[in-house]
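Asker: Kindly generate the complete structure, drawing on both the sequences and the hints.
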Amino acid sequence: MKNILLVASFLICGLLAAQPADTFFIEAEKMYVREEYAAAIAQYDKALQADPKLVLAYNNRGNSYLQLGEYAKAMADYDALLAVDPGNAVAYRNKGLVFSAQQKYPEALAAYEKAIALKPDFFNAYANKITVFMLLKQDDNARKTAALVREKYPDAPESYAVSATYYRLRNDYYMVFAEMDAALAKDPKNEKILSERAQLKDNLGDENGAVADYTQLIKIDAGNARYFSGRASAYHDLKLYEKAIFDCNQAVALDAYHYAGYTLRAFIEDQLGQVDKAIADYERAISVRPSAEFAYFELSTLYDWQEKYNEALGVIGRLLKIRPDAYQALIKQADFTAKTKNFKEAIRLWDVVIQKKPTFIAFSQKALCEKQVGDMAAACNDMTAANKLVTDKKSEDYFLSINFLYNNCRSAFSSRDLKIMDLNTQLLQFYDRNDAQNVLKKYDEMIAVAPDSASLYVDRGLYRRGIGDYTGAINDYKKAIALDNDNAVARSAMGFALLYTGKPDEAIKTYLEAIRLHPEYAPDYYNLGLIYAQKGDYQKGIDYLQTAVQKDQNYSSAYYNLGLIYLKTGQKDKACYYLKAAEKLGSMEARVKRISECG
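In mature numbering (1 follows the signal peptide of the UniProt record, and there is no 0), the protein residues as written are -20 to -1, 1 to 579.
Please note that a few of the clues may not be correct.
[Said to hold, decoys possible] Keeping only pairs whose Cα atoms sit at most 27 Å apart, straight-line, the calculated DSS-like set for lysine-lysine is:
# : residue 1 : residue 2
1 : K489      : K374
2 : K84       : K531
3 : K169      : K199
4 : K99       : K84
5 : K301      : K288
6 : K324      : K337
7 : K84       : K336
8 : K117      : K489
9 : K84       : K337
Don't read these hints as lab results, they were simulated from the structure.
Answerer: Written out as structure tokens, the structure reads:
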């Protein structure tokens, strides 16, 4: 018997050794497409053992490592690929992606340059290069790169797609669609560009446009499950649920492993109250992509809403067996455990979360559990730690932690801070009664306690502005700036007050200072845009408003005012586009204007 088993083992090993590399590679590709990267890597390993010169296996194993954030291993695979094939432009492009993911932008640019030198029409490498320039805030270099590609390849649809990348990173969607439309005019059946346009339309709220594009894609390739699930997403947003479910059914019929088809169908079923069907579809999604977190989270949330906390815990436990370091899963595990009222275990689990990454939610939720078990000393310590992690003193998180500490842990504050908080509590009572005289009196008393507090002057200034006392507000902002020269909030607020009191030039200077201190705050660009438009400098107005929507894609007033300026300057097509964008974001005045001007 022993000899028979030995012979059998040799036979099995021989069979494995004889397995062609292509078979392992094909299996790996199936797993890669399903985003099962760890499983794909195991199959690529076998393929490369069978054929150490299999270029595609190095490339795609590197891509898998890149998706998993294992950058050193990804880079090693791309270097191994180049050792076999030194002229492989894709390997250099992918090395650029690794460098970019590590925020090594000069190295990324050098890698993209090598890729382009080897393959001058490597349009994706140009787009990647533009992305890095924009991350480095080198808009001029990004624009020049897009223009260079257009100049070199004026007849290639992909050159327009490269320009679209530039405009997309600027959030100038009018120009994005103009470039995509130009590309599709040259090649109406270009699936890549048509698919990108469909997704973008869906993301920006043009669901009917997305449906039209996906329908065109389905005519081109009726066997592509992604096109059906994409159209289903647009139908869902249009609340055409039957059509959405029909397309989901088509998607999973074409591809039994189509994860998006199952998850979208489950989401719709949940909305329709078909909970059992939703559960079954989330389970199908998990079965086809076991390591993807989304379906586990959605399924656990569904149980959470039903107050079936043990079932929710079971779902998250399954995910943690596969991905024990999944941070969001650890948070959900602690949260669901607290909901089962097992507070001691929840405290232990929140500690695990904090060891991974200390966050406001972890400390604050742990503190609430500690209060439940009567350990107020620990609760106060943890809520203090939570409060220290809050950077926005106007946020809900800040007020939650402060209120907890104020009501439960007064010893956590200095006598001065307690006095200010007691006065603020009184102030809020007068605020609710619209008693401006006493609100201002309480601000005066707080400032007397803490005369070095710039934020108190800002708050009083904002209140004064709200009751129409712009002169008093400006004086308060000036005092805040004198105490804290880098106070961007005070400068933004003062810019508004100066504009309202008819001092546009002073407002411009103040807003520019605010932007220098806080360059990501969209309203400052918006207000500058309005000032320049009022002064008749329409191009500067457009530039600043464009920057506002670049910083905040949901800034409906910025889109609306862009529409108005373009109308004034006779650019009706652009005007109608921006009015429609504002309308999509809920602006009724944009809707009225669009109907009257654009039909």
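Asker: Determine for every hint whether it applies to the structure shown.
Answerer: Outcome of the hint check:
Straight-line distance between C-alpha atoms of K489 and K374 comes to about 26 Å, which keeps the hinted pair within the 27 Å bound. Using a Cα cut-off of 27 Å, the hinted pair K84 and K531 holds, with the two alpha carbons roughly 24 Å apart. A hinted pair counts as satisfied when its Cα atoms are at most 27 Å apart, and K169 with K199 qualifies at roughly 10 Å. With a CA separation close to 23 Å, the supplied pair K99 and K84 stays within the 27 Å bound.
For the given pair, K301 sits about 21 Å from K288 by alpha-carbon distance, which is consistent with the 27 Å threshold. Between K324 and K337 the alpha-carbon distance is near 20 Å, which keeps this suggested pair within the 27 Å criterion. With a CA separation close to 25 Å, the supplied pair K84 and K336 stays within the 27 Å bound. Between the alpha carbons of K117 and K489 the distance comes to roughly 22 Å, so the proposed pair stays at or under 27 Å and holds.
For the suggested pair K84 and K337, the alpha carbons sit about 24 Å apart, so the restraint of at most 27 Å is met.
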